[in-house]
Each structure stands twice: as C-alpha cells, then as structure tokens.
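This is what each chain is made of:
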Amino acid sequence: MRDLDPIITDAHDRVRRHYGSAIGHSKYEVVTPALVIDRDILRANLEYMQSRLPELHARLRGHVKNHKSPHVARMQLEHGAFGLCAATVWEAIVMVRAGADEVLIANQLVNPVKRRAAALLAREANVTVNVDDVDDAAALSAAAVAAGTTLGILVEVDTGMHRAGVDSPEEALKVGRAVQALPGLRMDGLSGYEGHCSLEMDHDKRHEKQAAAMQYFVDVADHLEANGVPCPILSAAGTATAFWTGSNPRITELQLGSYAAMDDYHFLMEPRFKKATTAVVTVISRRNDRVVLDLGKKTFGSAEVGSIAAHPRIFGHEALKPYRFDEEHATYEADATCDLKVGDVVDFHLGYTPFAVNYFDAYHVVEDGTVVDIWPIMPRGPLHGGLLQLVEAGS
Amino acid sequence: MHDPAPLITEAHERVRGLYRSALGRPTDELTTPALLLDMATLRANLDLMAAGMRDAPATLRAHVKVHKSPHIARMQVEHGAIGVGCATVWEAIVMARAGISDVFVINEVVGPEKTRALALLAREADAKASVDDAAQVDELSAAAVAAGSTIGVLIDVDEGMHRCGVTTTAEALPLAQRISEAPGLRFQGLTGYEGHCSLEFDETKRHAMAREAMSLLTGIAADLAAAGLPCQIVSAAGTGTWGTTSRYPGVTEIQPGSYATMDGHHRGLDPRFGWAVTVLASVISRRPDRIVTDAGSKTVGASHGVLKGWELEKYRFDEEHSIFLADASVPLTTGDKVEILCNYTPFAIGYFEAYHVLEDGKVVDIWPVMPRGPESRWLLDLLEGGH
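Protein sequence lines, in the order shown, are assigned to chains A and B. Going by my numbering, the first sequence opens with residue 9, and the numbers climb by one from there. Going by my numbering, the second sequence opens with residue 6, and the numbers climb by one from there.
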C-alpha cells in the first residue's frame with residue numbers, strides 16, 4: 009500500500025484543526041451532534057472478517073461508500089482486503105489517493121466528465137467500472153484511449169435487485185462481446201450485487217434469495233464463458249450475504265462494506281459485526297411527556313431502508329418511542345420515569361449510518377470513551393469538490 | 006446590510022473555482038448530480054412574499070435553514086426581510102458574516118460551545134435565541150456575561166407542534182421573569198412555530214389550526230404584558246400559514262423560509278410559490294421497465310422526489326440511485342438529463358456544497374452552501390479569532 013497523498017493528510021490536518029480540541033477529552037464533552045467511531049470495535053470487525061477469509065473461496069474487496077473514510081479504507085486493506093470498491097468515481101479517486109492499488113467503481117458512470125475522471129485515475133491504479141450498456145462501454149473506451157489508459161470492465165448483472173444491470177444471459181453476452189472488442193477496455197467479468205437480499209430481514213428467506221441470485225449469476229457467467237467471453241472476476245455480496253456468497257466456489261470477490269463501521273440496520277442481519285459508528289447528542293428540551301435531541305433527519309437521514317424501519321434510538325433508553333423526526337430535532341415520548349434532562353449528553357444509535365456519514369465532515373475517533381483522533385469524511389456530498397482537477401493534474 | 010465578510014467571499018471564490026467549467030453552460034452539459042437554483046423563479050417567489058407582506062401588520066423574518074445560502078439570505082433582506090431565522094448557532098454565525106445584523110436562532114441553544122458561540126456572536130450582531138427551560142436561561146446568561154455581550158431571548162411556546170416549548174402562561178411567566186432579571190440577557194418576547202399546521206394539507210383546516218395556535222401564543226403574550234413583561238416580538242409562521250399568521254392581531258413577525266426555494270411538500274401547501282431549486286441527474290441505466298438515475302437518497306435526501314416533466318412512478322431510492330418505472334413508451338435513454346423535484350429540499354441542500362445558479366437555463370454563478378453539516382466548531386474558533 010502506498011503512502012497517503014497530501015489531499016488526505018491535508019484534510020486530516022484540517023479536521024484536526026477544526027475539532028482537535030476534543031482530543032484527550034471524553035466523547036461526552038464534544039460539540040454535539042458528533043459522529044463517533046470506536047476504533048477498538050472497528051478493529052475487531054476487521055479482524056473478524058479477516059479471520060473468516062481463509063475458509064472463503066472469494067477474496068475481499070472492501071466497499072467504502074458507507075464510511076467514506078480514507079483511514080477506515082486503509083485499515084480494510086491492512087485486514088485482508090486486496091482492493092476497494094466505491095459507488096462514485098469521486099470516492100474512487102479519494103481511495104486511490106489513500107493508497108489503494110485496486111478500485112472497483114461498482115456503478116455506471118455515463119456522464120462524460122465522470123468517464124474521463126475514471127480513465128485518468130487509471131494512470132494511478134487498476135480501475136474497474138461496471139457497465140450494462142453497449143453505448144456506455146463505447147464511450148468509456150474512447151475516454152480510456154484519450155487518456156492512454158486501460159479500464160477494467162465488469163458487466164453488471166441484475167441478480168434480483170432491479171436497479172442497473174443486464175437482465176438476461178443473452179444481453180450480458182452482447183455487452184461482454186462489445187467490451188472485448190473495444191480498445192482501452194479489459195473485459196474482466198461480471199458484477200452482481202444481490203442487494204435485494206439485504207432488504208429481507210428473515211434469515212432463511214434471505215438465504216434462499218441469495219442462493220437463487222448467485223445461481224442465476226453463475227449461469228450468466230457460464231453462458232458468457234461457453235461463448236468465448238471469459239469471466240475471471242465474479243464480484244458480488246454485501247454484509248448481510250457475505251459468508252454465503254463467499255462460500256460459493258464460483259464467486260471470486262466480495263464487495264461488502266458495512267461490516268467495518270456497521271449500523272443498527274446491518275446489525276439486525278449480521279450481529280457478528282458490532283456497531284462501531286454511533287453519534288453523541290444533547291437533550292435540548294425536556295417536556296412532561298417527551299425529550300427533544302439536537303439532531304434530526306438532516307443529520308441521520310432516513311429512518312427507513314426500503315420498507316424496513318431502522319429507527320434511530322438513544323443508548324440506554326432504547327424503549328423510548330419516537331414521536332417525530334424533524335430536520336434538526338428528534339423527539340421521543342418520555343414520561344417522568346425517564347431521567348433525561350436538558351443538557352444531558354448521550355450516545356445515539358443512528359439507524360442506517362451512510363446517510364449520517366454523508367452529512368458530517370469528520371469522525372471523532374474514540375477509544376475507551378476518549379477522543380483520540382479526528383478523521384475526515386471524503387468525499388463529502390454529491391459534487392466532486394475539486395477531485396476532478398486533482399485527477400486531471402495526476403499524482 | 007453590511008458587506009459580506011471574507012468567510013463568505015472566500016467560500017464563494019472557492020466553489021466558483023471548483024466548478025468554473027460549468028459557468029456559461031446549459032444544464033444539459035453539467036456533471037451530475039447538481040443542485041440547480043433558478044434565479045427567475047427565486048426572484049418571483051421573493052417578490053410574491055414581499056407583495057403579500059406589504060399591507061400585513063407583521064414583519065418578515067426569513068428562515069435560512071432551508072437554503073443555507075448567504076446569497077439567498079441577502080436577497081431575502083433586499084426583498085423586505087428584517088433579518089433571518091436560523092436553526093443552529095452555526096447558521097447564525099454564517100448569516101451575520103453575510104452582512105445581516107438581526108439573527109435569531111429559533112431553537113434551544115444548549116451546550117458550552119454553542120452558548121459561547123452565541124454570546125460571542127452577540128458582540129457583532131443582534132443575536133437572539135429561544136428557551137423553554139430555566140437551565141437554558143442560566144447557561145445563556147453566564148455565557149453572555151463571560152463574553153461581555155447581551156443576548157436577546159424569546160420564550161419558545163408549543164402551540165401544538167409538540168417539539169420544544171412551554172404551553173401555559175404559568176410556565177412562561179416565571180421564565181420571562183428569570184430572563185428579564187438575568188444579567189447579559191434581554192427578554193424580547195415569544196416565538197411559536199405552528200409547524201403542526203404545515204402537516205395539514207386541507208387549507209381551511211390548516212388556517213383554522215393556525216388561528217387556534219396564534220390565539221394561544223398571543224394570549225400568553227397578553228398575560229405577560231399584564232404582568233409587566235411586554236413582548237416586543239411575537240414570532241410565528243411557516244410557508245404553510247404565513248398569510249393567516251401575518252395578519253393575526255398581536256403577531257409582530259413571521260418566520261417562513263421554504264417560500265424562497267420551495268419543494269413538493271410546501272407546493273402542496275402554497276402552490277403560488279414556484280420550484281426554484283431542483284436536482285439535476287443523469288439516466289445511468291435504461292432497462293425495459295425502468296430508468297435508473299445517479300441521484301439517490303444520499304443526494305436528494307430522505308424524502309425523495311419526482312421527475313420534472315415525466316409522470317413516472319417511483320420504484321425505489323437507494324443511496325446513490327433513484328429508480329422510476331418507465332416502459333418503452335418513455336423516450337428516456339442512458340445519458341439523458343432529468344430534473345428531480347425534491348419532496349423536501351432541505352435534505353438535498355444539506356448534502357451539497359454549492360448551487361449551480363441559472364439564468365435562462367444557463368449557469369451564471371456558483372453559490373456556496375454554508376454551513377455544511379451539523380457540527381461546525383471551527384466557526385466558534387473564527388469568532389474567537391482562532392483563524
């Protein structure tokens with residue numbers, strides 16, 4: 009793994025300058041709401057995953073979209089991940105500059121600026137991109153040729169999630185053949201995240217859906233290979249299906265991410281990984297029948313994932329019923345038996361952490377309840393924030 | 006209004022630099038997702054509110070939590086707003102540095118850094134906050150005394166929204182006395198956002214609910230006045246109730262914000278205001294039965310949205326994708342641009358760092374979103390002269 013690029017160390021310095029006065033203090037003394045990551049729990053999650061890798065057929069490609077942390081990504085690489093996976097080209101740029109040699113953008117790029125950014129990034133690392141459309145493949149080819157680079161391509165297969173992805177073996181073959189014939193592209197195989205399984209809370213039903221999805225995925229790969237399109241990479245899995253999918257002898261790599269920092273939503277499905285990411289919040293109003301906290305939906309995002317409630321809750325007061333979540337407030341029903349009062353600083357379960365991570369600019373890194381570091385969240389939000397110019401300039 | 010401070014001008018220069026390649030271009034040529042602000046619609050919204058307030062007894066305080074834009078806030082003041090309302094002390098610092106001297110944090114400010122930030126801000130602006138508890142009064146007073154400043158304080162009244170706020174004169178009166186006697190604080194009146202009314206889409210019912218809420222609020226104000234604690238300010242209303250509340254006797258100011266930028270929720274309450282903010286997205290995958298765009302719930306926010314100009318049913322919003330049902334009769338294809346009308350714009354704005362500002366469909370400027378995210382301790386350092 010290469011050293012951190014200045015873009016990462018500068019961002020680290022900046023957030024340490026902004027929030028570093030918290031270092032050495034209890035997490036309950038920080039300005040709230042604050043996003044907290046427990047480094048011991050994080051390390052335990054990474055070590056557990058690493059300990060399971062020898063028994064799995066597939067390799068681990070750590071997804072980063074849920075934590076958006078170059079520091080967590082490096083720890084994933086130090087704990088058995090051979091490369092990283094990103095949802096956007098901007099995340100991929102950050103993670104290559106964080107030291108990764110291998111990055112998969114498990115998404116369609118389509119926009120010309122994003123294609124160019126991926127092609128330029130391929131000067132610095134092995135960059136692989138998902139494709140489900142022949143025209144998109146042709147445009148990626150042109151971008152790679154213009155940049156003088158080669159992009160790895162995985163044909164995305166819809167294994168039941170109904171998002172992007174080709175939906176038949178025949179269409180996969182058509183796109184795969186097109187990729188094979190295009191300059192600047194390397195046909196690496198197939199990508200088939202079975203994300204619909206992560207919306208199924210019932211363990212046995214989830215397993216059934218996972219098995220069906222991966223059987224279909226392997227059938228598609230067989231069709232391509234029988235027709236002269238080798239698929240050396242078959243990439244799939246999320247945290248809720250990783251050990252099943254990783255045991256399938258045909259799957260070559262796993263693209264899970266939530267296992268590292270975790271949240272309540274994934275904990276319901278995979279409790280062997282513990283919740284490393286939480287928030288610290290303050291009670292700002294105490295009425296006879298309720299308490300009001302200083303964070304709301306602007307901070308923790310949605311309280312639902314698909315149709316499943318992933319309700320944010322107060323540590324130690326998990327039974328308190330949510331009354332309403334507003335933009336800047338979370339209100340819970342609480343009668344006189346609840347001892348929370350104005351000014352109390354408490355730990356908070358975020359529900360589904362990727363939304364909160366997307367809103368904050370930094371983690372307060374905690375060990376034994378004490379803040380030990382501040383880590384930047386990169387990239388923040390949907391815009392490129394200067395990463396385009398960075399990759400254009402090259403390393 | 007003062008000139009914007011370097012905090013604002015430098016942020017503006019920074020985002021103009023980052024996204025300068027978009028300047029002069031039509032939306033079809035932009036990198037997506039992008040947050041679009043249509044100036045003509047924004048100006049029409051601000052004009053409509055200014056015209057509606059011309060003969061109202063109450064004044065307009067523009068809430069900024071919706072747009073988090075120093076530039077839009079300044080336009081609101083140019084269109085008659087006496088000052089701004091904020092949800093956090095960090096927003097108030099940004100808006101004061103944007104040149105607006107009357108900043109009211111319409112929220113309980115709790116915690117040592119936040120109260121210190123408010124007290125320091127009160128040295129450079131007319132800074133106000135709301136309280137509903139004696140402990141908050143004491144904390145604010147101590148902070149103001151330490152900073153050598155005076156903080157304006159309004160009592161938060163719960164008129165039915167059931168969030169923060171006192172509900173009776175019996176609660177409000179001792180609190181008002183405590184504020185008026187506390188060093189470093191100036192008792193200024195009552196604030197009572199009737200936000201529960203903005204969840205009621207039936208107009209007749211909504212305005213009846215608003216009048217009931219104002220009856221409670223102004224009743225408490227009258228009780229305090231009778232007890233020798235007159236309320237200089239009685240502040241209320243959102244975009245769903247501004248017409249009624251601004252004309253309710255005893256209400257001195259209204260505090261709406263969504264009227265400027267708007268969204269699906271507020272268009273359902275008051276469709277006279279137009280969509281000034283949308284999210285530009287690209288179709289990144291075209292399947293036989295659906296389209297997939299590159300703007301999901303990490304971009305548009307928890308409340309999702311609909312496509313402008315296309316009557317397509319939402320299939321699902323994932324983090325980085327929104328999926329709409331579209332059969333072969335829909336001529337959208339991979340690479341096409343679509344605009345998402347957010348059901349609730351503040352969530353989308355909360356994720357972006359800048360607006361692409363449009364005149365006649367072309368990008369004419371890039372405006373920063375400030376402050377970004379929930380924690381902004383560095384703004385306290387700024388007030389303390391730390392950097």
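Be aware that one or more of the hints could be misleading.
Derived EDC-like pairs (lysine to aspartate or glutamate); straight-line CA-CA distance at most 20 Å [said to hold, decoys possible]:
| hint | chain 1 | residue 1 | chain 2 | residue 2 |
| --- | --- | --- | --- | --- |
| 1 | A | K73 | A | E37 |
| 2 | B | K210 | B | E186 |
| 3 | A | K349 | B | E83 |
| 4 | A | K282 | A | D352 |
| 5 | A | K349 | B | D143 |
| 6 | A | K73 | A | E341 |
| 7 | B | K210 | B | E176 |
| 8 | B | K342 | A | D143 |
| 9 | B | K210 | B | D228 |
| 10 | A | K283 | A | D143 |
| 11 | B | K367 | B | D332 |
| 12 | A | K73 | B | E34 |
| 13 | B | K313 | B | E118 |
| 14 | A | K213 | A | E278 |
| 15 | A | K282 | A | E110 |
| 16 | A | K73 | B | E176 |
| 17 | A | K349 | B | D386 |
| 18 | A | K283 | A | D297 |
Okay, the calculated bits of chain A under chain B, using three or more residues with CB under 8 Å as the criterion [as the list claims (entries may be wrong)]:
| hint | stretch |
| --- | --- |
| 19 | 48-60 |
| 20 | 80-92 |
| 21 | 222-236 |
| 22 | 285-295 |
| 23 | 366-378 |
Worth flagging that the hints you see were computed from the coordinates, not collected in a lab. Only a predicted model underlies this, so the values are computations on that prediction, with no experimental measurement involved. Just so it is clear, CB atoms sit at the ideal spot from N, CA and C, and this is done for glycine as well.
Cross-check of the supplied hints:
A distance of roughly 29 Å separates the Cα atoms of A/K73 and A/E37; the hinted pair therefore is violated under the 20 Å criterion. For the suggested pair B/K210 and B/E186, the alpha carbons sit about 40 Å apart, so the restraint of at most 20 Å is broken. Taking the CA atoms of A/K349 and B/E83, the gap is about 41 Å. The hint is violated against a cut of 20 Å. For the proposed pair A/K282 and A/D352, the alpha carbon gap of about 25 Å is over 20 Å, so the pair is violated.
Among the hinted pairs, A/K349 with B/D143 is consistent with the structure: their alpha-carbon atoms are about 15 Å apart, no more than 20 Å. This hinted pair does not check out: A/K73 and A/E341 have alpha carbons roughly 33 Å apart, beyond 20 Å. Taken as a hint, the B/K210 and B/E176 pair is broken in the structure, with Cα atoms around 28 Å apart against an allowance of 20 Å. Annotation: proposed proximity of B/K342 to A/D143 holds, straight-line Cα distance about 16 Å (limit 20 Å).
Among the hinted pairs, B/K210 with B/D228 is inconsistent with the structure: their alpha-carbon atoms are about 27 Å apart, more than 20 Å. The hinted pair formed by A/K283 and A/D143 fails the criterion: a straight-line CA distance of about 42 Å is larger than 20 Å. Only pairs whose Cα atoms come within 20 Å are accepted, and B/K367 paired with B/D332 is rejected, the gap being roughly 31 Å. Our distance criterion of 20 Å between C-alpha atoms is broken by A/K73 and B/E34, whose separation comes to about 26 Å.
This hinted pair does not check out: B/K313 and B/E118 have alpha carbons roughly 43 Å apart, beyond 20 Å. This hinted pair checks out: A/K213 and A/E278 have alpha carbons roughly 14 Å apart, not beyond 20 Å. Pair hint A/K282 plus A/E110 does not hold up; C-alpha atoms about 27 Å apart against a cutoff of 20 Å. At most 20 Å may separate the alpha-carbon atoms for a hinted pair to count; A/K73 and B/E176 exceed this at roughly 48 Å.
Between A/K349 and B/D386 the CA atoms are separated by roughly 28 Å; this puts the pair beyond 20 Å, and the hint is violated. In summary, the hint linking A/K283 to A/D297 is not supported, as the alpha carbons are separated by about 30 Å, beyond the 20 Å threshold. Only residues whose C-beta sits within less than 8 Å of a C-beta in chain B count toward coverage, and the stretch 48-60 of chain A has 0 of them, not enough to reach three; the restraint is violated. Residues of the stretch 80-92 of chain A with a Cβ under 8 Å from some Cβ of chain B number 0, which does not satisfy the need for three, so the listed coverage is violated.
Remark: the stretch 222-236 of chain A is not confirmed as covered by chain B, as 0 of its residues place a Cβ nearer than 8 Å to a Cβ of that chain, below the required three. Only residues whose beta carbon comes within less than 8 Å of a beta carbon in chain B count, and the stretch 285-295 of chain A has 6; three or more means the coverage holds. A stretch counts as covered by a chain when three or more of its residues have a beta carbon under 8 Å from one of that chain; for the stretch 366-378 of chain A and chain B the count is 5, and the coverage holds.
Violated hints, listed in ascending order, are 1, 2, 3, 4, 6, 7, 9, 10, 11, 12, 13, 15, 16, 17, 18, 19, 20 and 21; each of the other numbered hints is respected by the structure.
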